[in-house]
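**Q** Listed below, chain by chain, are the residues.
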Amino acid sequence: MKKGVSIILLLILLWGVVAALSEMPFGKAKLEVAGHYTDYGKEDTGAANIVTSVVLGYRGFDTLGEVTVLFLACIGLAVVLSTLKKQGCGARQTPSLILNTGFRFLFPLILLFGTYVFMHGHLSPGGGFQGGAVIASGFVLMYLSVPKIKRLNHFVSTLFESVGGLIFLVIGLIGLKLGSQYFLNNFLPNGEFNTLLSAGIIPVIYIAIGFKVGSELSKIIDVLLEESE
Amino acid sequence: MIIIVSVLIIIMLAAAVAACIFKDLLSATIASCMVSLIAAVLFFFLQAPDVAMAEASIGAALVTAVFVIAIRRTRRYEE
Amino acid sequence: MNEIMNLNPVLLIAVPIGLAMLVPILGLMSSKIVKWVPVVGFLFNSVVSLAVLPRVLNQPIIVKIAGFAPPFGINLVAGPVGMFLAALIAVSGFLVAVYSLDYIHEGAAEKYHILFLLLLSGATGVVLTGDIFNLFVFFEILCISSYALVAYLGNRSGIEAAVKYLIQGAIGSSLLLIGIGLLYGQFGTLNMADLAQNITSFSEPSVFVPMILMVTGLGIEAAIFPLNAWLPDAHSSAPSSISAVLSGIAIEVGLYAVIRVVFTICHVTGSFFVFLVAIAVVTVLIGEMSAFGQKNIKRMLAYSSIGQIGLILFAFSLATEFGVSGGLFQMLSHTLGKVLLFLSAGYMIYRTGSMEISSFEGVGKKMPWTALFFTIGTLSIIGLPPFAGFSSKFLIIKAALAKGDLLYILLMGIVLLGTVIEGTYFFRVVQVIYFKESNNKTEPEGPPVSGLISMSVFAILVVLIGLFPNAILKILTTAASELLNNLEYIRSVLG
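Protein sequences appear in the order of chains S, V and G. Residue numbers for the first sequence follow our numbering, beginning at 1 and rising by one. Residue numbers for the second sequence follow our numbering, beginning at 230 and rising by one. Residue numbers for the third sequence follow our numbering, beginning at 309 and rising by one.
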């Protein structure tokens with residue numbers, strides 16, 4: 001009975017979703033907003049990567065929200081885990097030679113790649129979030145391979161987190177005061193298209209986000225590991 | 230091209246099903262990591278490199294790490 | 309004064325978020341100043357929102373973020389509804405922050421203040437935004453900070469309640485996101501006014517199903533009847549100051565989002581409202597009847613919130629000007645009354661060391677002020693004159709009668725039955741507080757000054773609004789016309 005009812009409900013839902021999907025114009029340039037982004041994205045924001053021009057230009061306020069969500073997730077995790085009692089679990093295996101050597105070789109490269117990704121967010125694919133996540137995955141590798149880990153410096157990571165977020169916000173507020181009086185307004189010159197120093201405030205914000213996301217994601221892994229040690 | 234993509238999709242589906250039925254949670258985690266990795270490759274083929282990068286680093290690396298740590302803290306085998 | 313009136317409403321969101329990010333740095337320097345940060349932040353928000361509120365009554369302020377015109381960029385719509393709720397959030401946030409100065413002294417206090425700031429800035433974002441995806445982002449901020457705050461005390465029941473809340477909330481967020489995605493795919497825009505312009509009829513399945521998905525997803529946060537399983541646990545295991553904010557603000561913000569989707573975006577008419585009214589009546593009955601059997605004071609208050617949400621939804625579903633302004637008024641009086649109840653209950657629990665209602669025997673003599681504030685909150689929630697709850701309930705009854713339909717009058721009767729049940733269990737608590745002699749001889753002392761100040765301001769507000777409802781009514785009727793007339797909304801945003 002219960003199963004029957006839920007299957008019927010799911011079928012009704014599926015029918016509606018299919019109806020909605022069939023209304024969507026796949027492969028046609030009907031989407032007005034997206035069309036505007038691809039046509040005018042370059043002039044409006046000065047970023048060569050259209051995705052970045054949407055993420056930090058047109059919808060920069062959403063990105064501020066996403067950055068806050070990540071900050072919040074990190075704080076929330078720390079709140080929940082700090083209340084739990086520490087409990088022991090199985091001993092760690094000592095990492096193998098391959099892992100150790102690979103780590104030494106790859107770790108600097110991963111950090112460099114992550115930095116490249118977030119610095120060139122306005123030119124090539126990627127950006128602050130992706131670059132930060134790449135850096136954090138480098139730290140995951142570090143935790144796997146170094147047996148007696150020197151922990152992440154919480155002072156520094158807290159500083160990066162807060163300062164990164166604050167830079168984003170302060171840039172937004174400066175935009176409110178300067179020029180055309182809009183929050184997150186691009187008040188820096190757009191510069192020469194498709195060079196590192198272009199697209200106004202976008203690279204500055206992406207560097208701040210890159211540091212922030214990198215330190216936050218690494219801190220999440222660090223806090224989780226600390227509790228399980 | 231289409232052959233590569235279809236092979237990838239088949240592997241991805243197999244990994245997804247495997248992640249559901251494995252009783253060993255560590256293997257299930259690795260299988261779900263594989264789903265993310267192939268999804269990243271497929272995103273790249275669909276000309277969405279930004280999404281591919283996020284999917285590869287978050288879906289394949291960080292989420293797997295979080296799951297592995299959680300398994301270490303709890304139990305490895307599902308009853 | 310003029311300077312403040314012309315401030316940009318985006319500051320109401322940006323300043324608390326900025327302060328929240330500043331807290332870790334301040335915490336490294338000194339742990340004493342951290343607890344003043346939310347007070348400062350919400351004092352700023354209260355001043356700004358109250359100063360801007362008269363300005364938006366004539367003409368809503370459209371804030372274009374980064375200077376892109378509405379369908380392309382994100383915009384905030386500081387209309388009468390948004391500013392009214394933002395002011396309510398800011399004022400209650402400020403008073404609860406004052407209360408927390410002395411109330412929060414255990415646990416990771418620094419993180420508490422960050423989460424509190426972000427919870428309310430998320431709520432402000434939801435009520436001010438004019439973009440459906442932006443609403444989702446702020447909704448996530450609101451939800452995630454409430455999950456963490458429910459688990460703040462770290463006891464077993466807290467963690468369990470937080471996990472329950474987290475799972476249901478995550479399902480709700482996914483449904484909301486699917487709904488938004490389906491709408492975006494069809495209409496190619498995320499702006500609420502633009503969506504409303506493109507949606508011609510809500511009854512086509514391609515619009516109806518996304519709407520249902522969104523209403524369900526938001527309804528979980530709003531705790532409308534079949535989706536309210538998480539609420540009593542979550543609200544009763546958080547610290548009292550947080551229970552107050554969750555019960556008084558978070559669920560109402562969820563309900564606001566439901567109303568925004570139903571009224572503005574999809575512009576629902578006719579039979580769907582009958583369905584909503586039915587749901588609302590069931591919510592009232594379920595909430596009040598469950599509250600009746602509770603022995604734990606916080607669970608009782610939490611269940612009573614479900615009943616109140618049902619009442620607010622009932623008022624909105626009448627879809628008349630009286631009904632909607634009555635619903636908004638009920639939101640106001642519920643926020644003030646329920647926050648006051650939770651705050652005063654917080655110190656009664658703290659001093660007696662138990663959440664059982666029976667342990668409050670004799671509190672009326674030992675903590676006269678707290679007991680008085682609790683009683684004022686009780687009387688307002690039940691809806692007795694001259695408190696705020698009376699005016700709002702009276703407006704709702706008037707709206708239901710003005711509908712002229714026998715069905716609505718009958719349903720109103722059932723809702724009033726819920727109010728009678730509410731009166732019974734609240735008076736039972738008041739009776740225990742005042743008229744039962746306590747057995748134990750320990751002398752509980754009264755709450756500290758910060759708690760007394762914040763509770764007394766709430767009590768004064770409840771009485772003042774009850775005595776002079778007409779001052780508020782002008783704002784409410786303007787707000788109601790914004791919700792009911794979506795063409796006006798579209799015109800003001802898209803120009």
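Hints were generated in silico from the structure; no laboratory data involved. Since we're looking at a predicted model, the values are computed, not measured. The beta-carbon is built from N, C-alpha and C at its ideal position, and this holds for glycine as well. A few of these clues could be false.
[Unchecked claim] Straight line, CA to CA, 27 angstroms or less: simulated DSS-like cross-link-like pairs of lysine-lysine:
1) G:K603 with G:K372
2) V:K252 with S:K177
3) G:K711 with G:K603
4) G:K782 with G:K673
5) V:K252 with G:K472
6) G:K603 with S:K42
7) G:K603 with G:K673
8) G:K674 with G:K782
9) G:K472 with S:K2
10) S:K42 with S:K177
11) G:K472 with G:K372
12) G:K674 with G:K603
13) G:K674 with S:K3
14) S:K177 with G:K711
15) G:K706 with G:K603
[As the list claims (entries may be wrong)] Sample of chain G residues lacking proximity to chain S, with all beta carbon distances greater than 12 angstroms (derived):
16) I373
17) E418
18) I422
19) F444
20) Y460
21) I467
22) F533
23) I587
24) K673
25) G721
26) R799
**Q** Does each hint fit the structure? Answer for all of them.
**A** Here is what the structure says about each hint:
1. G:K603 with G:K372: Status violated; Cα separation ~50 angstroms.
2. V:K252 with S:K177: Roughly 59 angstroms between the alpha carbons, so the hint for K252 of chain V and K177 of chain S is violated.
3. G:K711 with G:K603: Given that 27 angstroms is the threshold and the Cα spacing comes to 38 angstroms, the pair is violated.
4. G:K782 with G:K673: Given pair K782 of chain G, K673 of chain G is violated - Cα atoms ~41 angstroms apart, limit 27 angstroms.
5. V:K252 with G:K472: Measuring from Cα to Cα gives roughly 24 angstroms; hence the hint holds.
6. G:K603 with S:K42: 63 angstroms, violated
7. G:K603 with G:K673: 21 angstroms, holds
8. G:K674 with G:K782: 42 angstroms, violated
9. G:K472 with S:K2: 22 angstroms, holds
10. S:K42 with S:K177: 24 angstroms, holds
11. G:K472 with G:K372: 38 angstroms, violated
12. G:K674 with G:K603: 21 angstroms, holds
13. G:K674 with S:K3: 56 angstroms, violated
14. S:K177 with G:K711: Judged against 27 angstroms, a Cα distance of about 50 angstroms means the pair is violated.
15. G:K706 with G:K603: The hint is violated at about 34 angstroms.
16. I373: 4 angstroms, violated
17. E418: Contrary to the label, E418 of chain G does not stay out of reach of chain S, its closest Cβ about 9 angstroms off (not over 12 angstroms).
18. I422: Per Cβ check, I422 of chain G is inside 12 angstroms of chain S; nearest 5 angstroms; violated.
19. F444: Given a closest Cβ separation of 9 angstroms, the condition is violated.
20. Y460: Not fine: 6 angstroms to the nearest Cβ puts Y460 of chain G too close to chain S.
21. I467: 7 angstroms, violated
22. F533: Non-interface label on F533 of chain G holds, nearest chain S Cβ at 16 angstroms vs cutoff 12 angstroms.
23. I587: 16 angstroms, holds
24. K673: 36 angstroms, holds
25. G721: 31 angstroms, holds
26. R799: The claim holds: R799 of chain G sits with its nearest Cβ about 19 angstroms from chain S, beyond 12 angstroms.
Taken one by one, the earlier hints fail for this structure at numbers 1, 2, 3, 4, 6, 8, 11, 13, 14, 15, 16, 17, 18, 19, 20 and 21, listed in ascending order.
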